[in-house]
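**Q** Letter by letter, the chains look like this.
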Amino acid sequence: MTRAYLFILLGCCGLSLWLCGGCSYTVTYGHFVPNSQFAYPNSNIKPLGPVRAEIKKKVFEGSPSLSIEEIKKCYNDALSQASGANLLINYREDTTLTHTTVPYVGTFTEVKYVLEGEAAQQTIGQKHLK
Amino acid sequence: MRKSLVQLLMVLLIACIVSGCAQTIGTFYRLGPQSHFVYPNSNIKDLGPVKVKMRGADKSDRFPSFMTSEMDVSLYNEALKQVDGANIILDYVRKTTIKMEPSLFGQKFQTEEELEGTAARMELGKQELK
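So the sequence lines, in the order shown, correspond to chains A and B. The working numbering applies: residue 1113 is where the first sequence begins, and numbers increase by one. The working numbering applies: residue 553 is where the second sequence begins, and numbers increase by one.
Chain A with its partners taken away, still in its complex shape (with noise of 0.2 Å):
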């Protein structure tokens, strides 16, 4: 009877972690974009190399959320990593939202933004117009 029992609440632990590898999806959404800023088409622009940054954030039963603040931050953060630039161009710009349930637990919820593109430089000049 006892062994019974063990056999059943093993089976119950093995079923719980199947349904708990099972429980876990993706969705990303997002774009490949020319440029993220205005280019005045009196200028010089001046790629500066590649350039990653993101962003996450976990919440339990629910679904995060950024906010404005923390995607100027981000954008901000890719800048910063190629001195003088003020501006991505040919970027890719990702939302992933993962769901990870946990059975008797529940749902986990991530929001992951990526920004991944070249860094560049606009020099604003005045051209020469008839």
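Keep in mind that the hints were calculated from the coordinates and are not lab data. Every residue gets a Cβ at the ideal spot worked out from N, C-alpha and C, and that includes glycine. A hint or two may mislead.
[What the hints assert, rightly or not] Partial chain A-side listing against chain B, Cβ under 10 Å, derived: (1) P1146; (2) A1151; (3) K1185; (4) G1196; (5) Y1203; (6) A1232; (7) Q1234; (8) K1242.
[To be verified] Below, simulated BS3-like cross-link-like pairs (lysine-lysine); rule was C-alpha separation at most 30 Å, straight line: (9) B:K660 x B:K682; (10) A:K1170 x A:K1239; (11) A:K1242 x A:K1184; (12) B:K660 x A:K1170; (13) B:K678 x A:K1242; (14) B:K660 x A:K1239; (15) A:K1242 x B:K597; (16) A:K1170 x A:K1242; (17) A:K1185 x A:K1169; (18) A:K1224 x B:K555; (19) A:K1158 x B:K682; (20) A:K1224 x B:K597; (21) B:K633 x B:K603; (22) A:K1158 x B:K660.
Knowing the structure of chain A, use the given hints to seat chain B on it.
**A** Structure of chain B alone, referenced to chain A:
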């Protein structure tokens, strides 16, 4: 004889469920002036028309996959490969089709991408500004 006929019908039914009943659940369009950043201090030369069609890499069974930067980059790169020396696609039309394929275990979503535009070569320089 009757048993064989029933078996044949079953096989045909399963084949139909698994692969034969794919249906389009949505088609979306996007017009774009350029795929990559256009430097104001550059010269751009048209190289010719390009047309590409590809399937999204992932097959999701929960919901249609969202747009990601990876899909954008793959599609642009596939189009650029068609013309030697091209590094930008201009004046493009993009068509995204989402299909749903019923299967024995639920359904699968598949994304198809089409892109038509003009391949071009951008050469970077420096413009004289006051």
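**Q** So which hints don't hold here, by number, going up?
**A** 3, 4, 8, 9, 10, 11, 14, 16, 18, 20 and 22
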